[in-house]
Amino acid sequence: MEPAVAIRDLAKDHAGEKALRGISIDVPNPCLFGIIGADGAGKSTLMNILATLTDPDSGSVRELGRDAAREFASIREDIGYMPQRFSLYQDLSVEENLDFFADIFGISGKDKTDRMDHLLGFAGLKPFKGRRAGQLSGGMKQKLALACTLVHHPKLLLLDEPTVGVDPVARRDFWTMLKSLRAEGITLMVSTPYMDEAALCDSLVLLHEGGILAEGTPAQLLAAYPYRLYRVEAAPDAAVSTLNYPGDKPPPPGFVLIYPSGGTLHAAEAPGGEAPLAGEAPVAGGRTQGPSGDPVQRLRVAVPEAYSATLIQPSLEDCFFALLSGKMVMKPKSAPGALPAGTGS
Amino acid sequence: MISPARVRSIALKEMRHIFRDWQTLVVVLVMPVMMMFLYGYALNADAREIPVMIEMPSPAPETRAIADKIDASQMFAVTGIVYAAPDPAELFKLYGIKALFRFPPGFARDLRRPGGARVQVLIDGSDPNLGTLIRNGSEPMLLGATLQVLGVRQPQVLDLRTLVLYNPEQRSALFFVPGLMAIILLMISALLTSVAIAREKELGTMGQLLVSPLHPLEIIVGKIIPYVFLAALDGFLVLAVGRIAFGVRIAGNPWFLGLCSLVYIFTALSIGLLISTLVKRQQHAMFAALGATLMPTVILSGFIFPVTSMPIPLQIVSHIIPATYFLEIVRGIILKGVGLHELWTPLLILGGEGLVLMAVAIRKFKVKL
Numbered sequence: 001m002e003p004a005v006a007i008r009d010l011a012k013d014h015a016g017e018k019a020l021r022g023i024s025i026d027v028p029n030p031c032l033f034g035i036i037g038a039d040g041a042g043k044s045t046l047m048n049i050l051a052t053l054t055d056p057d058s059g060s061v062r063e064l065g066r067d068a069a070r071e072f073a074s075i076r077e078d079i080g081y082m083p084q085r086f087s088l089y090q091d092l093s094v095e096e097n098l099d100f101f102a103d104i105f106g107i108s109g110k111d112k113t114d115r116m117d118h119l120l121g122f123a124g125l126k127p128f129k130g131r132r133a134g135q136l137s138g139g140m141k142q143k144l145a146l147a148c149t150l151v152h153h154p155k156l157l158l159l160d161e162p163t164v165g166v167d168p169v170a171r172r173d174f175w176t177m178l179k180s181l182r183a184e185g186i187t188l189m190v191s192t193p194y195m196d197e198a199a200l201c202d203s204l205v206l207l208h209e210g211g212i213l214a215e216g217t218p219a220q221l222l223a224a225y226p227y228r229l230y231r232v233e234a235a236p237d238a239a240v241s242t243l244n245y246p247g248d249k250p251p252p253p254g255f256v257l258i259y260p261s262g263g264t265l266h267a268a269e270a271p272g273g274e275a276p277l278a279g280e281a282p283v284a285g286g287r288t289q290g291p292s293g294d295p296v297q298r299l300r301v302a303v304p305e306a307y308s309a310t311l312i313q314p315s316l317e318d319c320f321f322a323l324l325s326g327k328m329v330m331k332p333k334s335a336p337g338a339l340p341a342g343t344g345s
Numbered sequence: 001m002i003s004p005a006r007v008r009s010i011a012l013k014e015m016r017h018i019f020r021d022w023q024t025l026v027v028v029l030v031m032p033v034m035m036m037f038l039y040g041y042a043l044n045a046d047a048r049e050i051p052v053m054i055e056m057p058s059p060a061p062e063t064r065a066i067a068d069k070i071d072a073s074q075m076f077a078v079t080g081i082v083y084a085a086p087d088p089a090e091l092f093k094l095y096g097i098k099a100l101f102r103f104p105p106g107f108a109r110d111l112r113r114p115g116g117a118r119v120q121v122l123i124d125g126s127d128p129n130l131g132t133l134i135r136n137g138s139e140p141m142l143l144g145a146t147l148q149v150l151g152v153r154q155p156q157v158l159d160l161r162t163l164v165l166y167n168p169e170q171r172s173a174l175f176f177v178p179g180l181m182a183i184i185l186l187m188i189s190a191l192l193t194s195v196a197i198a199r200e201k202e203l204g205t206m207g208q209l210l211v212s213p214l215h216p217l218e219i220i221v222g223k224i225i226p227y228v229f230l231a232a233l234d235g236f237l238v239l240a241v242g243r244i245a246f247g248v249r250i251a252g253n254p255w256f257l258g259l260c261s262l263v264y265i266f267t268a269l270s271i272g273l274l275i276s277t278l279v280k281r282q283q284h285a286m287f288a289a290l291g292a293t294l295m296p297t298v299i300l301s302g303f304i305f306p307v308t309s310m311p312i313p314l315q316i317v318s319h320i321i322p323a324t325y326f327l328e329i330v331r332g333i334i335l336k337g338v339g340l341h342e343l344w345t346p347l348l349i350l351g352g353e354g355l356v357l358m359a360v361a362i363r364k365f366k367v368k369l
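Residue numbers (the working numbering), protein chains in the order written: chain A, 1 to 345; chain B, 1 to 369.
Same shape as in the complex, but just chain B (with noise of 0.2 Å):
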């Protein structure tokens, strides 16, 4: 019934119509390239050389110590120190600084009497990430240059050492490259198969497909072989992008992660398909296609928030969409190197998902129009 022959004359029909729309095909291959480096760059979360300035009314050589250094550190640049600050919001307004450390007089002193020394931090909350990771580290940071400068040992009450798995050094390029790959392998299947089909049914070629001996499934077929190569092209560009230019390394196996991709694409081509059979303009079928895939996965499939910070009822749009497993698989592979042994369950529901779209899109597949 299915002839090979016939799904053949398809898909090279539809290569033929991706290599004439080489805009298209200039899109869909540097779009990838470029959301990698844009991510990489716009999305460092590792905060650097944060300006922050230093109140210090009554300069002691231990207070000049520590502003020493706050400067030294990473995280802070001292951009002035001031003896007095009436207003700190000023200081904000005028130099832009992000954190106000302020010793109070006796600072000094007071570092040597029993109840110890205090010292305000000031902080700029408009960007609360900023603010978190200022907070999160400056007290370490002040703690630890006092203790020094004080020539003191810290006393060894508790010894907590962490120790991050799989991205030791929290680069952010090491989460963004699967999350990359989920988005960008979901968006081309599911955006170009059913843009395609939507095609002909607006240049009305899909009445003369219809009334031709060609079988739905041959039709299906032959059109999503070619997209599934492209879309497997763009997961390949992602990757060699990653290790080039970010140096992301694939901790497991290369080849297994080529098999959930694939499936992962099936998936998405079934999404694609879906939509294709609802629309019969190709701008519909776009933003059905850019609504139900990009959206929904860049918010809640824990790419950018995590699904167990998510109230309970987006989590379980998130259980349902398919880039929450492969997200799961890429990572695991990426960062974790595990395999089929650990990743069974996410591939297995991702499988599975894709098999119930690609038969519901096929039962509405209409032979008639």
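Extracted from the complex, chain A is given alone in its bound form (with noise of 0.2 Å):
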């Protein structure tokens, strides 16, 4: 089957710099596909591009089984598409957007009224259908931007940073919108510099400065993680429990890796590193204290506040971390479906 939409070799400039280097990606359909990346990765470029609102200098782009370059009147019809910010219109009220967004798209007389009475009940902006839109909370304005992009039952969602801005229960809740429209077979491309949301992809590419860094689902990233990952902490009855490493220090010997991560360090050894644990298979949440081989020894050289390492499963936070720091390595991959290959230090 055709994928929803596939991308070879697009590259474009942006204000004199490379936005995109070519890159090629493949979306199956259907999927809730995640494109990653931080400010300036080439997220939005990307999407100006697939909502056919910018040409790029070079590659080509299909969607839903059509040329984006010669064909891109046929497939705005079967796009949503939900610009960065938040681009609806602060005067009117939540029904007149829909309203409006209805009679653009050709929707009238009991389709219309049965398709805003469904998206003002998917999106729970019901109550608040009379309100003007400048006047709702940043979470709801998200969801009454993405009611604006169903009206007219599009086959391909394109939403960039949607959950910017937004407090993390309603971004909770829109990610469980976005989760029931995968599941009503629709195929979503969603932009976000949250690494959290990445877990929630079916799949995913993390974009940096343009290119591409890692692709394939959560799980595959996951698995691909090569190092063993201790969660450091402060003794409980220390007198400062939030520990700190700078980060252009070096890691202590033997790691590849230490960085903050919620008031505690995440420390990456590499698994064929100094001091192996003879014939002791990593546990995760097992506890190491005491012993020489421990590693909060070998950690207390850098960080004397260490108190207790725990083996912890890495997350994806924790794989982008190594792959954005370039210690962790995943070669794009060269066909949909195939296993990320090539994982090193």
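Just so you know, these hints were derived from the structure itself, not from any lab. Worth double-checking, as some hints may not be accurate.
[Said to hold, decoys possible] Chain A side only, calculated, beta carbon under 8 Å to chain B, not exhaustive: (1) D91; (2) L92; (3) E96; (4) V169.
[To be verified] Simulated crosslink set (DSS-like; lysine-lysine; CA at most 30 Å straight-line): (5) K179(A) x K155(A); (6) K155(A) x K129(A); (7) K93(B) x K155(A); (8) K112(A) x K126(A); (9) K179(A) x K112(A); (10) K126(A) x K201(B); (11) K201(B) x K93(B); (12) K336(B) x K280(B); (13) K126(A) x K110(A); (14) K69(B) x K93(B); (15) K112(A) x K155(A); (16) K368(B) x K18(A); (17) K112(A) x K129(A); (18) K327(A) x K249(A); (19) K366(B) x K280(B); (20) K368(B) x K112(A); (21) K201(B) x K336(B); (22) K249(A) x K179(A); (23) K18(A) x K201(B); (24) K18(A) x K364(B); (25) K201(B) x K364(B); (26) K201(B) x K129(A); (27) K155(A) x K110(A); (28) K110(A) x K129(A); (29) K93(B) x K18(A); (30) K366(B) x K155(A); (31) K201(B) x K112(A); (32) K201(B) x K69(B); (33) K366(B) x K18(A); (34) K126(A) x K155(A); (35) K327(A) x K18(A); (36) K280(B) x K364(B); (37) K110(A) x K179(A); (38) K155(A) x K69(B); (39) K129(A) x K179(A).
These figures come from a predicted structure and were not determined experimentally. Ideal Cβ positions, reconstructed from N, Cα and C, are used throughout, including at glycine.
Hints are included, so try docking the two chains, each in its own frame, into the full complex.
Structure, rendered in structure tokens:
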């Protein structure tokens, strides 16, 4: 089956810099596809090209079986696009906004009433339908924007950073809505700078400086993590209970990466590194303390306050951190569905 | 291809924006009326009761009678009579007079001599308009007063009778009402359209509109329809205030004036549209629209300064800007009462300019960001 979106060697310069440097992505149909990356990684450039609002410098895009360069008018009828900023009319009410988008997509009569009713219910905005969009909370604005992009039954949804500036509870609600759309068979491409949202995607790419650093399902990414990862904590009765580690300080010997994470430190140790725990398989959650082979001892060289080190399962954030600092490499997939190949330090 | 329903929904949405943004709406409706009154009272070119003084070293009955006549005239008010003015500049400074009439000693005697008498008039030239007015007004007035005092009938050598047509009383209202029509219609149309489209770009909603089945022409037509009405309303306001407060009546056919105004509004909207295709921010649109419409219109259209007295390069510019032609049309209809037969040339040029500008604007309107 043809992928919903097939991107080949896509390149685009933006303001004299390479916003995208020849990337290729296949998005299966249906799929909740994440485009993860920091600001300036090229997410919005990619989204604008997919929305047929910007032409790439080179490369090709096929969406829903159609060529984006030639058949953009026909593609526009079947996609829903939600730009980066809230881009509805703040001075119109919730209902008027929806009504306007229904009108311009040529939905009228009973179809329109039904669709609007359904979408207001879906977005949980029925009690607020008379309220001006500008007076909604950040989360409700994004739900309204999503509802407006859904008005014409799009087959492909392009959401550019839909949860930026939205509180955590509303973010969770929003992702629940995305999941239910995915369950209806719609393909969604969602860009986000929040790494924790990556775990909610079926499949994702990590975009960095216009290139793809990693791609695959969350499980594939986690499986490719090459290190033993410890959570390092200070003594419970210590004066300063949160640990910090300067980004420019090299990690202690034997460790590849060490970085703060929620008041604790995460330390990645190379499996073949110094002082291996002979015959001892790392057990997640197993607390090691005391013996000289103990990672705490080795960590104390650099972090005197280290009290305990717990072996933990890496999260996607840990994967991304390793990828972004060049300590983990995933070769881009040659074909869709292939397993990520090649891991190393 | 162009769906009336979609155009209607864009126009409806735009109307909602207009009515929700009541501050702007108030400005749009109050500004023309305010400008009318400002121009009506500030731009009053009819000079009356200009303060002057008279220097009269040897008062004779004739000289006194002439001084009385000066004071009795509508133009001048004599604020004082002095016997000697060794330093006339002092008088101008101290008493704020605008002119000093100096009758030399023996003026009354000289009147009856063959060489005639002399009078010197000192004029304050710091306000050139007023200075010219005094210079042109004082000679015939003095001559008339003198002849009357002497009981001499003006010799019938040349009977010059000027008759001012179309604006017989030389009222400035008849001059600024057409000018304000031209300025306000242009400003409202160009400014509001360009800002309305730049706003969609600035908010990011333009992307949403483009990623929809909307044809660019539907966006353009839908967006400008409400502003046509708004501009027409303003035109009506100017005419109504002109009639009620300043007594300006339309000599010609009001329907023809309405039609010409619509052509002008169309041209002005095209300018606004063209500007909006070039800028991305509302502020830029605003400055560009004001710069492109207000200043050239006020200065170069012939509203204040006559086109024929401009240097050739400015005359060329003047013949490009639409307001010049609209001014010709409005003056023609309101003052002269002429119609299509006399005004088809400027109307054709105006409409042509509108079509060209609109075509360029539509071509430049990008379907991509």
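List of violated hint numbers, smallest to largest: Going through the list in order, the structure violates hints 4, 7, 11, 12, 21, 22, 29, 32 and 38 and respects the others.
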